[in-house]
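The opening position of the sequence shown corresponds to residue 130 in the numbering used here, with each subsequent residue numbered one higher.
These are calculated hints, taken from the structure and not from any lab test.
Heads up, some of the hints might be wrong.
If you anchor each label on the Cβ, the simulated ranges turn out as follows [what the hints assert, rightly or not]: (1) G261 with F284: 18 to 26 Å; (2) R192 with E234: 34 to 42 Å; (3) L163 with S258: 47 to 55 Å; (4) S260 with W349: 32 to 40 Å.
Every residue, glycine too, gets a C-beta built ideally from N, C-alpha and C.
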Amino acid sequence: ALTLPVGALLQPWLLPTRGTLPIIPRELNLPILLITVPGLRADRVHHLGHSRETTPNLDRMLRHGVSFTRAYSASNDAGASLAALHAARHPRINEVLTSEDVLPEHRKTLADRLGPHGYDTLAVLSDPSVSGMGLEQGFKQVVSLPAGSSSDDVFEHALRFVDETPSRRWFVWVDLPDLLPPYGGDFADVQRFAPELPEGFGTEPPVAFLDQDELRRRGW
130 ALTLPVGALL
140 QPWLLPTRGT
150 LPIIPRELNL
160 PILLITVPGL
170 RADRVHHLGH
180 SRETTPNLDR
190 MLRHGVSFTR
200 AYSASNDAGA
210 SLAALHAARH
220 PRINEVLTSE
230 DVLPEHRKTL
240 ADRLGPHGYD
250 TLAVLSDPSV
260 SGMGLEQGFK
270 QVVSLPAGSS
280 SDDVFEHALR
290 FVDETPSRRW
300 FVWVDLPDLL
310 PPYGGDFADV
320 QRFAPELPEG
330 FGTEPPVAFL
340 DQDELRRRGW
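Generate the whole structure from the sequences, applying the supplied hints.
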């Protein structure tokens, strides 16, 4: 008879981290916003330890939520990771190992499962390589933006959808382009941020590398 009361009293000492989690109301049919940024590294997120304030909006969101300090990607390929995220299956089971593969129709995505429960769904994709991978299956509306679109363009479509959706039951997936060309990725003008780097560093082959003496001098 004392099991529950004693367990409740001991909980703060046995599981102290539970006391730091935010209180989330037990409501059904809450809106869901999924934001993905392919290529974003945890060691470049400020509240996860990066010295520069690179992610002020993510840092602000932490005040009202939970940030997992340890997470593992299903793949080093953005498309395969996104497929694993949406279908909740390992890339090999999904048959999506690269961004050139297509998620089979019989693999149910989160949007597939939410739609029958009255959710309005929207996907706003900024990476042309992600469009056509089958990740948009289950979404009632899909917006594929041209290469070079900005995050502001992505959120403009998402916010318009939210404003025009009468119910609170919506699922919106926005795939941000901040680390894609021409803003990042292989075509980023890294010399704009580090003019002392040799020409061609980190861009198309042959890639220019810094020797060990230079790496030591920079503390890299």
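Each hint tested on the structure:
1. G261 with F284: 18 to 26 Å: holds, 22 Å
2. R192 with E234: 34 to 42 Å: 40 Å Cβ-Cβ, so the 34 to 42 Å window holds.
3. L163 with S258: 47 to 55 Å: violated, 18 Å
4. S260 with W349: 32 to 40 Å: About 36 Å separates the Cβ atoms of S260 and W349, which means 32 to 40 Å holds.
Violated hint for the displayed structure: number 3, the only one.
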